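So the protein lines, in turn, are chains A and B.
Okay, so the first sequence: first residue is 1 according to my numbering, each after it adds one.
Okay, so the second sequence: first residue is 286 according to my numbering, each after it adds one.
Quick caveat, the hints were computed from the structure, so don't treat them as lab data.
All values reported here derive from a predicted model rather than from experimental measurement.
Certain hints may be false.
As the list claims (entries may be wrong) - Derived lysine-lysine pairs resembling DSS-like cross-links, with alpha carbons at most 30 Å apart:
#1 K144(A) to K155(A)
#2 K209(A) to K23(A)
#3 K144(A) to K451(B)
#4 K301(B) to K160(A)
#5 K209(A) to K137(A)
#6 K160(A) to K323(B)
#7 K137(A) to K299(B)
#8 K209(A) to K160(A)
#9 K124(A) to K451(B)
#10 K451(B) to K138(A)
#11 K451(B) to K160(A)
#12 K472(B) to K136(A)
#13 K209(A) to K138(A)
Claimed, not checked - Taking beta-carbon pairs under 8 Å as the criterion, some of the chain B residues facing chain A (in silico):
#14 E339
#15 L447
#16 A449
#17 L520
#18 V522
#19 Y525
#20 M540
Even glycine gets a Cβ: it sits at the ideal position worked out from N, Cα and C.
Next come the chains, spelled out residue by residue.
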Amino acid sequence: MARLKSVEEALTLDASDAVPASKPVVQIEKVTITYGRGDNAVHALSETSLNISKGDFVALVGPSGCGKSTILKLVSNLIRPSTGHVFVGGREVGAEKVGIGMAFQNPTMLPWLTIRNNIMLPLKIVEPYRSQYRAKKKTEFRDKAEALLETVGLKGFGDKYPWQLSGGMLQRSNLCRALIHEPSLLLLDEPFGALDQFTREELWDILQKLWMDHRPTVFLVTHDLREAAYLATRICVMSARPGRVVADEHVSFARPRTLDMTYEPGFVALTQKLRSLIVDARAAA
Amino acid sequence: MSDDRVLSESMTQKLKSAGLIVMFFVLWEFACIVFGVKEIILPRPTVILSAMYEFFPGIKPHLIQTLYTTLVGFALGVMVGVALGLLIGTSRVAYDTAYPLLVGFSSIPKVAVVPIFVLWFGAGTTPAILTSLVICVFPIVVNVATGLATTEPELEDVLKALGASKWDVLWNVSLPRAMPYFFASLKVAITLAFVGTVLSETVASNRGIGNLMMIASSNFNVPLVFAGLFLLAFLGVGLYVIFSLIERRVAGWAMRKTDLAVA
Numbered sequence: 001m002a003r004l005k006s007v008e009e010a011l012t013l014d015a016s017d018a019v020p021a022s023k024p025v026v027q028i029e030k031v032t033i034t035y036g037r038g039d040n041a042v043h044a045l046s047e048t049s050l051n052i053s054k055g056d057f058v059a060l061v062g063p064s065g066c067g068k069s070t071i072l073k074l075v076s077n078l079i080r081p082s083t084g085h086v087f088v089g090g091r092e093v094g095a096e097k098v099g100i101g102m103a104f105q106n107p108t109m110l111p112w113l114t115i116r117n118n119i120m121l122p123l124k125i126v127e128p129y130r131s132q133y134r135a136k137k138k139t140e141f142r143d144k145a146e147a148l149l150e151t152v153g154l155k156g157f158g159d160k161y162p163w164q165l166s167g168g169m170l171q172r173s174n175l176c177r178a179l180i181h182e183p184s185l186l187l188l189d190e191p192f193g194a195l196d197q198f199t200r201e202e203l204w205d206i207l208q209k210l211w212m213d214h215r216p217t218v219f220l221v222t223h224d225l226r227e228a229a230y231l232a233t234r235i236c237v238m239s240a241r242p243g244r245v246v247a248d249e250h251v252s253f254a255r256p257r258t259l260d261m262t263y264e265p266g267f268v269a270l271t272q273k274l275r276s277l278i279v280d281a282r283a284a285a
Numbered sequence: 286m287s288d289d290r291v292l293s294e295s296m297t298q299k300l301k302s303a304g305l306i307v308m309f310f311v312l313w314e315f316a317c318i319v320f321g322v323k324e325i326i327l328p329r330p331t332v333i334l335s336a337m338y339e340f341f342p343g344i345k346p347h348l349i350q351t352l353y354t355t356l357v358g359f360a361l362g363v364m365v366g367v368a369l370g371l372l373i374g375t376s377r378v379a380y381d382t383a384y385p386l387l388v389g390f391s392s393i394p395k396v397a398v399v400p401i402f403v404l405w406f407g408a409g410t411t412p413a414i415l416t417s418l419v420i421c422v423f424p425i426v427v428n429v430a431t432g433l434a435t436t437e438p439e440l441e442d443v444l445k446a447l448g449a450s451k452w453d454v455l456w457n458v459s460l461p462r463a464m465p466y467f468f469a470s471l472k473v474a475i476t477l478a479f480v481g482t483v484l485s486e487t488v489a490s491n492r493g494i495g496n497l498m499m500i501a502s503s504n505f506n507v508p509l510v511f512a513g514l515f516l517l518a519f520l521g522v523g524l525y526v527i528f529s530l531i532e533r534r535v536a537g538w539a540m541r542k543t544d545l546a547v548a
C-alpha cells in the first residue's frame with residue numbers, strides 16, 4: 001500500500017514536470033498597454049508576462065511610473081490590456097466574477113457610510129454574501145466586520161465615520177474591507193505608502209499574520225523594498241516605463257519574520273540587491 | 286462642558302440673527318413713519334399684517350391653491366429632473382445632446398411659455414403646475430448630473446474591482462455621492478416653483494395668490510398686494526426649512542465642517 005502510494009507520488013511528480021499540477025492563480029501573458037495612437041502613443045507596459053501560484057505572496061517593485069499599479073488594475077479588471085491576456089483562476093479576467101479583495105493607496109472609504117458599513121460593502125456586492133446581505137447584515141456580517149476590526153486594532157470604531165479617523169486607522173479599515181469577503185486573491189496597491197514608518201511596520205505584522213493564518217494569494221505593489229522583503233515569498237522587479245518584469249527573486253527568510261530580522265545581513269543584502277536592480281532599471285530608461 | 290458651551294454659543298448666534306431679522310422690519314416700519322411714505326407706495330409691515338389678518342378668510346382658498354399647484358409642479362419637477370439628471374450624468378451621449386437643449390430651453394423666459402400652456406390646456410391650474418415644473422426642473426437636472434459626473438473614479442473602482450455591475454455602482458456610490466448636490470438644487474427649485482406658479486396665476490388664472498395680487502393692485506389695495514407677497518415669502522421659507530431638515534438627515538455627512546448651509 002505504502003509502496004503504491006509512493007509510486008503514485010512519483011507519477012504525479014513526473015506529470016507535474018510536464019504540465020503544472022495546479023494552474024497559477026494569476027497568469028499575465030504577453031500583455032502590453034498603449035494609450036493613445038500614432039505619434040502620441042504612450043507605451044505604459046511593454047510585453048509583460050507574470051504568473052502567480054496559489055498561496056504565494058508576490059511583491060512587485062520598480063521605479064515610479066513603471067506600470068506597477070497598471071498590472072494590478074489589469075488583474076482586477078479595472079483596465080483591459082491592449083494586447084495579450086490576463087487569466088485569474090484559469091479564466092480570462094472579466095469572464096467570471098472571482099473573489100478578489102483590493103486595497104488602494106488611498107483608503108477610499110465612502111464618506112456617507114460608517115466604518116463598519118464601509119467594511120461590509122463587499123458583502124453587499126459579492127456572492128454568496130450578496131443574497132444573504134439583508135438577512136445577516138445586523139447579525140453575522142456585523143460580527144464578522146467587528147472581528148476583523150479587532151484584529152487590526154480598531155475595536156469599537158465601527159460606528160465612526162471615515163473623517164473621524166486618522167490616516168493609519170483608515171488604512172487599517174481599508175485592509176479589513178479588502179479581506180471581509182475572504183477573497184482567494186488579495187491585490188494591494190501600495191496600501192501602506194502614505195503611513196508613517198511605525199504604523200506601517202505594525203500593519204506589516206498584521207498582514208503577515210493574516211497571510212500565515214488564511215494563506216490567500218497576495219499580489220502587493222510597493223515602492224518600499226523593506227516592505228517587499230519583509231512580507232513577500234517572491235519579489236518581481238520591473239523596469240522603467242514601458243515596464244516589464246526584469247528580475248524575479250525568491251525570498252526564503254523563515255516566518256514569522258520579525259522587524260529585527262530586517263537589520264540582519266541577509267535581509268540587508270537582499271534589499272541592496274533589489275535597490276541596485278531598480279537603479280539600473282532607472283538608468284536604462 | 287464644552288458641549289454646553291458650543292450649544293449656548295449656537296443659541297446666542299441664532300438669537301442674534303433672529304434679532305437682526307426683526308430689526309429689519311422695525312427699521313422698515315420707522316422709515317415709513319419718519320419719511321411719511323404713503324400706504325399706496327410702500328405700506329408699513331404692521332399695516333400689511335393687519336391686512337393679511339383682515340382679508341384672511343378671502344385669501345385662504347388662494348393660498349391653498351398656490352401651495353397645492355406649487356407642490357404638484359415641484360414634485361413633478363423633481364421626478365423629471367432626477368430622471369433627466371440620471372440620464373445626463375451617466376451617459377456621455379445624453380450629456381452631449383441633452384445639455385445644449387436644456388440650456389436653450391431654460392434660457393427662454395417662462396412668461397413667454399405660459400400662453401402656450403394656456404393654448405394647450407386652457408387657463409387655470411394646469412398651466413400653473415406646468416410652469417412651476419419647467420422652471421424648477423433645470424437646477425435639479427444640472428445638479429444631479431454634476432453630482433453623478435464628478436464622482437471620484439477611485440470610489441467607483443472600489444466596487445468595480447469586486448465585479449460590481451453598473452447598477453451596483455450607481456446605487457451604492459454615485460447616487461449617495463450626488464445627494465448633497467440634489468438637496469442643494471431642491472432648495473433652489475422650491476423657491477423657483479413658487480415663481481412659476483405665481484407667474485402663471487397672474488397671467489392666466491382666476492385663482493391663486495398671483496391672481497389675488499393682480500386684482501388687489503388693480504383695486505389699489507396695496508396692503509393686500511404686499512400681504513400676498515408676505516405669504517409667498519412665508520411659504521417659500523417654510524418649505525426651504527423643511528428641505529433643509531431632510532437634507533441634514535440624508536446628506537448630513539457632507540456638511541460636517543459648518544452648519545452654515547443648514548437652516
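Evaluated hints:
1. Between K144(A) and K155(A) the CA atoms are separated by roughly 12 Å; this keeps the pair inside 30 Å, and the hint holds.
2. For the proposed pair K209(A) and K23(A), the alpha carbon gap of about 26 Å is at most 30 Å, so the pair holds.
3. Only pairs whose Cα atoms come within 30 Å are accepted, and K144(A) paired with K451(B) is accepted, the gap being roughly 27 Å.
4. Simply put, K301(B) and K160(A) have alpha-carbon atoms about 33 Å apart, too far for the 30 Å limit, and the pair is violated.
5. Proposed proximity of K209(A) and K137(A) is supported: the alpha carbons are some 27 Å apart, at most 30 Å.
6. Note on K160(A) and K323(B): the hinted pairing is violated, with a Cα-Cα distance of about 60 Å set against a maximum of 30 Å.
7. Between the alpha carbons of K137(A) and K299(B) the distance comes to roughly 41 Å, so the proposed pair goes past 30 Å and is violated.
8. At most 30 Å may separate the alpha-carbon atoms for a hinted pair to count; K209(A) and K160(A) meet this at roughly 26 Å.
9. A distance of roughly 14 Å separates the Cα atoms of K124(A) and K451(B); the hinted pair therefore holds under the 30 Å criterion.
10. Distance check on the hinted pair: K451(B) and K138(A) sit about 26 Å apart at the alpha-carbon level, within 30 Å; holds.
11. For the proposed pair K451(B) and K160(A), the alpha carbon gap of about 28 Å is at most 30 Å, so the pair holds.
12. Our distance criterion of 30 Å between C-alpha atoms is broken by K472(B) and K136(A), whose separation comes to about 37 Å.
13. Between the alpha carbons of K209(A) and K138(A) the distance comes to roughly 28 Å, so the proposed pair stays at or under 30 Å and holds.
14. The closest approach between the C-beta of E339(B) and any C-beta of chain A is roughly 50 Å, which is over the 8 Å cut-off, so the hint fails.
15. Because the smallest distance between the Cβ of L447(B) and any Cβ of chain A comes to about 5 Å, under 8 Å, the interface hint for this residue holds.
16. Taking 8 Å as the C-beta contact cut-off toward chain A, the hint placing A449(B) at the interface holds, the least distance being around 5 Å.
17. Contact between L520(B) and chain A, as hinted, is not supported at the beta carbon level, the nearest pair being about 31 Å apart and thus beyond 8 Å.
18. Interface hint at V522(B): violated, since its Cβ lies 28 Å from the closest Cβ of chain A, which is beyond the 8 Å cut-off.
19. For Y525(B), the interface hint is violated, since its Cβ never comes within 8 Å of a Cβ in chain A; the closest pair sits about 23 Å apart.
20. Annotation: interface hint on M540(B) violated; nearest CB of chain A at approximately 11 Å, more than 8 Å.
Violated hints, in rising order: 4, 6, 7, 12, 14, 17, 18, 19 and 20; the structure is consistent with all others.
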